[in-house]
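Let the hints inform the model, and build the full structure from the sequences given.
Residue numbers (this note's numbering), protein chains in the order written: chain A, 1 to 328; chain B, 329 to 597.
Derived from the structure by calculation, the hints contain no laboratory data. Any given hint might turn out to be false.
As the list claims (entries may be wrong) - Examples of chain A residues lying across from chain B (beta carbon under 7 Å, computed):
no.: 1; residue: K60
no.: 2; residue: V65
no.: 3; residue: M67
no.: 4; residue: L89
no.: 5; residue: V93
no.: 6; residue: Q100
no.: 7; residue: W102
no.: 8; residue: D104
no.: 9; residue: V117
no.: 10; residue: R119
Claimed, not checked - A few chain A residues that don't get close to chain B, going by computed Cβ distances all over 12 Å:
no.: 11; residue: G42
no.: 12; residue: G71
no.: 13; residue: F141
no.: 14; residue: L297
Only a predicted model underlies this, so the values are computations on that prediction, with no experimental measurement involved. For each residue, glycine too, the CB sits at the ideal point set by N, CA and C.
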Amino acid sequence: MNVIEMDGLRKEFTVRVRAGVLRREKRTVTAVDGVDLRVERGEMLGYIGPNGAGKSTTLKMLTGVLMPSAGQARVCGLRPVADRTRLALRIGVVFGQRSQLWWDLPLRESFDLLRHVYRVPAGAHAARLTRCRELLDLDAFLDTPVRQLSLGQRMRGELTAALLHGPEVLFLDEPTIGLDVVSKQAVRGFLAELGRAGDTTLVLTTHDLADIERLCRRLVVIDHGRVVHDGSIAELHRRYGSRRMVVAELDSALPEPPVLPGAPVQRVEADGRRLVFALERASVAEVVAGLAGLATLRDISIVEPDIEEVVTRLYASERKGPLLTPGV
Amino acid sequence: MEVRGALRAYRSLLGAQARSQAAYRTSFVVDLVGNLGATVFDVVTVLVIFGVTRELGGFTLRETLVVVGLSSCAFAAADLLVGNIERLPRYVRTGLFDAVLVRPLAALPQLLLMDLPLRKVSRAVFGLAVLLYALASAGIDWTPGRVALAVVAPPAGVVFFASVFVTTATVSFYWVDSGEMANSVTYGGRDFTSYPITVYGGWFRALFAYGMGFAFVSYHPALALLGRADPLGLPSWVGWASPGVAFVAATVAALAWRVGIRHYRSTGS
Numbered sequence: 001m002n003v004i005e006m007d008g009l010r011k012e013f014t015v016r017v018r019a020g021v022l023r024r025e026k027r028t029v030t031a032v033d034g035v036d037l038r039v040e041r042g043e044m045l046g047y048i049g050p051n052g053a054g055k056s057t058t059l060k061m062l063t064g065v066l067m068p069s070a071g072q073a074r075v076c077g078l079r080p081v082a083d084r085t086r087l088a089l090r091i092g093v094v095f096g097q098r099s100q101l102w103w104d105l106p107l108r109e110s111f112d113l114l115r116h117v118y119r120v121p122a123g124a125h126a127a128r129l130t131r132c133r134e135l136l137d138l139d140a141f142l143d144t145p146v147r148q149l150s151l152g153q154r155m156r157g158e159l160t161a162a163l164l165h166g167p168e169v170l171f172l173d174e175p176t177i178g179l180d181v182v183s184k185q186a187v188r189g190f191l192a193e194l195g196r197a198g199d200t201t202l203v204l205t206t207h208d209l210a211d212i213e214r215l216c217r218r219l220v221v222i223d224h225g226r227v228v229h230d231g232s233i234a235e236l237h238r239r240y241g242s243r244r245m246v247v248a249e250l251d252s253a254l255p256e257p258p259v260l261p262g263a264p265v266q267r268v269e270a271d272g273r274r275l276v277f278a279l280e281r282a283s284v285a286e287v288v289a290g291l292a293g294l295a296t297l298r299d300i301s302i303v304e305p306d307i308e309e310v311v312t313r314l315y316a317s318e319r320k321g322p323l324l325t326p327g328v
Numbered sequence: 329m330e331v332r333g334a335l336r337a338y339r340s341l342l343g344a345q346a347r348s349q350a351a352y353r354t355s356f357v358v359d360l361v362g363n364l365g366a367t368v369f370d371v372v373t374v375l376v377i378f379g380v381t382r383e384l385g386g387f388t389l390r391e392t393l394v395v396v397g398l399s400s401c402a403f404a405a406a407d408l409l410v411g412n413i414e415r416l417p418r419y420v421r422t423g424l425f426d427a428v429l430v431r432p433l434a435a436l437p438q439l440l441l442m443d444l445p446l447r448k449v450s451r452a453v454f455g456l457a458v459l460l461y462a463l464a465s466a467g468i469d470w471t472p473g474r475v476a477l478a479v480v481a482p483p484a485g486v487v488f489f490a491s492v493f494v495t496t497a498t499v500s501f502y503w504v505d506s507g508e509m510a511n512s513v514t515y516g517g518r519d520f521t522s523y524p525i526t527v528y529g530g531w532f533r534a535l536f537a538y539g540m541g542f543a544f545v546s547y548h549p550a551l552a553l554l555g556r557a558d559p560l561g562l563p564s565w566v567g568w569a570s571p572g573v574a575f576v577a578a579t580v581a582a583l584a585w586r587v588g589i590r591h592y593r594s595t596g597s
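The structure is reproduced here in structure tokens:
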């Protein structure tokens, strides 16, 4: 069953640009340009794209914050803007740079307040809070006013706040932005746990591809408001020819980088004693055989493709494509 | 059941706001006193004017005080309850507006309760005191009708000013840098209603008094309470029209808010 449906979803903004001393020109910017997507119950969907690609705008249309310019969206069978307050009871939202918490009150009080706001029975509320306290280690700062929390602590509070009413769908907009490594791990671990339970659908936008690799089997890449990839991470690698790397450690540096057919040198490190080859058409064995004839090999290692690199290449190929849309 | 749940939710939002402000207790007390300033000043201005003249636009001091009392009582209460909606651009910028929109409650009451400026209570109390003093000392010939009007006119004025606050704030849905434009209508309206409208002239009076409806906040109800004919020639029943005008204003405000919220653009990220 589909929890989220988007059909030709579109959002345009009119901006006024200075076109002279007093003259201003109206210009229409398309932030989301006809997105069709289906998300099933229990899926964990990673939504990625460069700045200004339309990720947040899409999320805001799905949560009832923004009115679509065209097309339609359904979440839990409801129309996000028209049924906003009814939908709010069934979804949880974490905006990384926004807060659902009361700045001047202890964290614990925000949770109490949200119980009244969402009209959650006391028992269910207490059970969910206990679970979040354990998994997210909240006890140390439950009585601290939110304004005094670190970003990582606050984000753990935001996650709890979004889950206390038992939402069917959790929308997360940049949940790990600005967090230190430890907090990032805590947040990812918690979300992974939530996903394993299988009854919460998770939609996550991020800059940090590690979030996606760790959490999401399905990846949607959006650029200039359009979906440019929808599938697994492995499919992304296949489609955009992401390359595995062979790292060769040599005894001594070669006078110049060797030319091996189908495996161009990507980087030369350690004064020429470490060479990194990209596997384009050649196999690992061919690279090793080719090198063995030229130098003494000390060590060989293989590096799996980096999703970051794939996505960079994906954006680049998108931009060169025929469907070029003017950027903002 | 649904309504009761929502009411309880709003009540807890109000409680949270009170506790948040209590976190800064000393500054709260200072604010409470400091906030009296502006409202007291309005009354002092009128007293000063009557120090140099016996009549203002054909009205005596005691008659004018009824106008001032109705105006400051209505404005102060509306400013306390709804005035902070002028901070809408800030709510948009800090993301509070987005946060409020993803909760299962209406957006406007949430914003008002979450940022209710309790320190403005002192102004409303002062406005009410001025009104009560004016009504007691103006030598009003109390009939049941006038008693009813004295009870209904101030809340109607509150609703009217509240509607003006909301309507002008919605401008920032379209134009975030609308700046002080809204203030010229809200605070301008307060100043306009503080005097008998006979002191103003021409198109300015026509615009504020009847174009926007400010004449129905204090001037016409005061005439009806005092039993005076309108020097500008409108019939006497106009003084009882203020609840109707307030209702129209509230309808316009509700519409403006609904349309505005659909034009809301949020901010980046």
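Each hint, compared with the structure:
1. With a cut of 7 Å, the hint placing K60/A at the interface with chain B holds, because the nearest CB-to-CB distance is about 6 Å.
2. The interface hint given for V65/A is met, as the beta carbon of that residue sits about 5 Å from the closest beta carbon of chain B, less than 7 Å.
3. Look at M67/A: its Cβ gets to within about 5 Å of chain B, closer than 7 Å, so that hint holds up.
4. At its closest, the beta carbon of L89/A sits 5 Å from a beta carbon of chain B; the interface hint therefore holds under the 7 Å criterion.
5. Because the beta carbon of V93/A sits about 4 Å from the nearest beta carbon in chain B, less than 7 Å, this interface hint is met.
6. Taking 7 Å as the C-beta contact cut-off toward chain B, the hint placing Q100/A at the interface holds, the least distance being around 5 Å.
7. The interface hint given for W102/A is met, as the beta carbon of that residue sits about 5 Å from the closest beta carbon of chain B, less than 7 Å.
8. For D104/A, the shortest C-beta to C-beta distance to chain B is roughly 4 Å, which falls under 7 Å, so the interface hint holds.
9. Interface hint status for V117/A: upheld, as the beta-carbon distance to the closest one in chain B is roughly 5 Å, under 7 Å.
10. The interface hint given for R119/A is met, as the beta carbon of that residue sits about 4 Å from the closest beta carbon of chain B, less than 7 Å.
11. Distance to chain B confirms G42/A as a non-interface residue, since its nearest Cβ pair spans about 22 Å, more than 12 Å.
12. At the 12 Å boundary, the C-beta of G71/A stays outside the reach of chain B, the nearest C-beta of that chain being 16 Å off.
13. The claim that F141/A is not at the interface with chain B holds, since no C-beta of that chain comes within 12 Å of its own (minimum 17 Å).
14. Consistency note on L297/A: stated as away from chain B, and its beta-carbon is indeed over 12 Å from all of that chain's, at 48 Å minimum.
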